[in-house]
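Residue numbers (numbering that gives the first Met the number 0), protein chains in the order written: chain A, 0 to 200; chain B, 0 to 346.
Worth flagging that the hints you see were computed from the coordinates, not collected in a lab. Computed from a predicted model, the values in this text were never measured in an experiment. Accuracy of the hints is not assured; some may be wrong.
Listed next, the stretches of chain A that the computed footprint assigns to chain B, with coverage defined by at least 3 CB atoms under 8 Å from CB atoms of chain B [to be verified]:
1. 19–27
2. 87–98
Here are a few chain A residues that sit away from chain B, every Cβ distance over 12 Å (derived from the structure) [claimed, not checked]:
3. K71
4. N149
5. K150
6. E153
7. G184
8. E185
Every residue gets a Cβ at the ideal spot worked out from N, C-alpha and C, and that includes glycine.
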Amino acid sequence: MAAETRRIEMSSVRVMLPTPKSAAVQWRGTTRTHSVAGERVAIVNNGWGSGDDLVDAFERILRDEYDVAEVKHFRANHERKSAAPDDDAELFARIADWADSAVTMLGNCGGCTAWTCEASAALERHGVASGAVVTGLFRPLAEFALANQNKTPEHPLVVLEDRFEFATEQGIEDSARMTLRSLFGEGSATSREESAAGVAV
Amino acid sequence: MAGSVLLDTDELALQAYYRERDLTDGLPIIVPTEERVDQFLEASGFAEHREREVGSIPPLNTPVAIEDVAVNAVMAGARPIDLGILLGAIDAMLDPLYVLDKVQTTTNPVAPSVYVNGPIVREAGLGTGSHALGPGRHPNGAIGRAVRLILRNLGGANDDVDHASLGQPAKYTCLLGEAEDASPWEPYHVSRGYQAEESVVTVAATENIINVVAVTDRHKPMAEPFLLQFGRLMQDVGTNIYFSAGSPVVIVTPGQALRLSEEGYDRKRLQEALFDRGRIPLEHMPFGNYALGQWTVVDDHVLPCPNPDDIRIFVAGGGESLHSVYMQGVFLSTAASRPVWHPSKFD
C-alpha cells in the first residue's frame, strides 16, 4: 500500500502523509572533468537574453584555450520549430548528432532552469558530455530537477553568481572561465597568458 | 465519543505537524487520519484500486498511487465523489503539451485552471453559475485546493522548488463546472470530440484572470465590444505567454453567450473572430516578447495561438450579460482534457 509504511502515530491518532512512497533524491554532484581537446562543443542556449555575452565568452575561450575542433552555438528558440516537447526532443537529438560535448544554459528563472536541466540531461543520455549552467537563486531547483525529474543525481552543474543580469564584463569573463574549468578542466595556460598580455594567438 | 474528543484535543498539534513540514498550502487542513482516508476511498469506489499508479508528477517525478491522491483530497476537504475528477485532472496535467514541469517551477504566477463537463457536474454539485470561481457553497474550492496540494506534495512543488515570484490566489484553487444547461452552445467537451454523456476534466495554465465588461446596452449588438476588448487582452505583450502557442481561455457568462448566439455566433465563429482580433501588429512589439518564446508572423501580425480552435471557450457564471473572463495563458502550455476517472476504468 503506497502510503501505509509512512503512517505515524500521534496521540493515538493514526494519520497519513501526503507524499509519495519514494522520497526525493538528493543531488550528489560529480567530480568528472571531461577534456574537450579535439572535440566539437555545443553551446546550448535557451535564448535567455542576458546570456548572449556569456555565450560569446564561452565560444571565444573554448576556441582560444581549449584546443577544440569546433564550437557551435545552438540558440534553442531559433533552432527548433517550436518549444513543444517533441520539437525540443528533435533539437536535442540534432545537437547530439553533431556535438561531442556541451555547455547547456541558462537557468536564470524557474522554467529556464527546468529546461536547462532537462536539455543537459537529455544530451548526456545521447552520449554528449554536458553540464548545466544556472544562477545561484535557482540552485536548489536545479539540484532537485537533475536528481528527481531527470533522474541524474550526478549530473554536472555549474552555479553562477546571483543577479547575473547585472554582471560586469569582467564578471561574465570570470563566470565563463569558471564554468569551463568546472566542466572541462584547465585550458591552455600558455594561450591564456598570451591572451592576457594581448598577444595574438 | 472518546476518539472524537481526542482529535479535538490534538487538533492544533496535528495542524502544526503538517504545516511545519511544508505539507499544506498554508491553510488549515482536514487531518488525514487513516480512518478518514479509508472511509474516503471506500465511499469513492476506488478502495480496491488504492495501490494503482496514477503517474509521476514532475519535478519530483516519482510514482503516485491513488491512495496518495486520496490523502491529499481528504486534506483539502474534498469528498469521495470528487476523487475521479482529481484523477482525471492529474491525467490531463501529465499530457506532455501541458508542460507541467515548467508550470510547476516557473517564476511566473501560473496556476492550473480546471474546467469540468458532463454529468459529473450535476452529480457532484459543482458550481457553474455566480461565483463559480469562488467563493461559495459549491465544492469547487475544495477540489481545486486538492489539485494544489497534489502538485505540492506529490509533484514536489513546495516553496523551494516552485519559484513563483509572487504567486497568486488562483494557486490555492481554480476550478469550475461549465454551465451546460444555460449555454446556447454545445458543451465544451463535445466540441473537443467527447460524447455529451461523458464526464471530462480540462486543465489550462492560467497566468492572469481578467474580468471583461463588454460595454454596450441592450439596444446595441454585443459582439463588437466583446471582440474589441477580448482582442486587446489577447494582444497583451507584457506577459510571458509564448505567442502563437498555448491555449487562451475565454469564459463567457451565459447572458453574454445568449446574446452572442442571437447575433449569429456559435463557438466556432467566436473562436475565429477572437483569433482574428487577437493578432498583434508587429509594431506593437518593439521589444519583442519573452526571449524564450517563438511566434508566427502572418501579414505583419503575430498570431495569438496556433489556430482559432486553440482558443478554448467555456460558458459559466451568472446569467446577466455583463461580465466574462479572460484566463490568460502562459508560455506554450496547451490545455488538455481527459475523462473523469471511474472505478470501472479498471474492470
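Status of the hints after comparison with the structure:
| no. | hint | verdict |
| --- | --- | --- |
| 1 | 19–27 | holds (count 4) |
| 2 | 87–98 | violated (count 0) |
| 3 | K71 | holds (20 Å) |
| 4 | N149 | violated (8 Å) |
| 5 | K150 | violated (7 Å) |
| 6 | E153 | holds (17 Å) |
| 7 | G184 | holds (30 Å) |
| 8 | E185 | holds (32 Å) |
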